[in-house]
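Residue numbering for the sequence shown is 1 to 71, as defined by the numbering used here.
None of these hints come from the bench; they were simulated from the model.
Positions of the beta carbon are idealized from the N, C-alpha and C atoms, including for glycine.
Wrong hints could be hidden among the right ones.
Restraint-style ranges between C-beta atoms, simulated for each label pair [what the hints assert, rightly or not]:
#1 Phe23 to Gly52: 18 to 26 Å
#2 Lys58 to Arg27: 18 to 26 Å
#3 Ile40 to Ser20: 19 to 27 Å
#4 Gly53 to Ser20: 15 to 23 Å
#5 Pro6 to Ile40: 30 to 38 Å
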Amino acid sequence: MESRLPYFMAMFMLSGFLFSLEFLFTRIFSFLVWYHFAFIIISTAILGPGLGGLWVRKGWPIIKKNRTPYP
Numbered sequence: 001m002e003s004r005l006p007y008f009m010a011m012f013m014l015s016g017f018l019f020s021l022e023f024l025f026t027r028i029f030s031f032l033v034w035y036h037f038a039f040i041i042i043s044t045a046i047l048g049p050g051l052g053g054l055w056v057r058k059g060w061p062i063i064k065k066n067r068t069p070y071p
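Working from the sequences, and respecting the hints, build out all of it.
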């Protein structure tokens, strides 16, 4: 059985990077524009990948069932 540790470490590092990037963008936008607009911008930007992941997770059996095999 193959070790899944590298996969989990990569996901951990990617999640940490995205969280720190979100924090950095919040600080930059709050300095450049009003503070509450910064949170609206960041929340909307994070909503996109979240909804995409939810769509893939919930729609995966439908996608898998309707997929045509390549010749």
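Hints, one by one, checked against the model:
1. In this structure the hint that Phe23 and Gly52 lie 18 to 26 Å apart at CB holds, the actual value being about 22 Å.
2. A beta carbon spacing of about 34 Å between Lys58 and Arg27 contradicts the range 18 to 26 Å that was offered as a hint.
3. In this structure, Ile40 and Ser20 meet the distance hint of 19 to 27 Å, their C-beta atoms being roughly 20 Å apart.
4. The given range of 15 to 23 Å is respected by Gly53 and Ser20, whose C-beta atoms sit roughly 19 Å from each other.
5. Distance hint for Pro6 and Ile40: a CB-CB separation of about 37 Å, consistent with the stated range 30 to 38 Å.
Hint compliance for this structure: hint 2 alone is broken.
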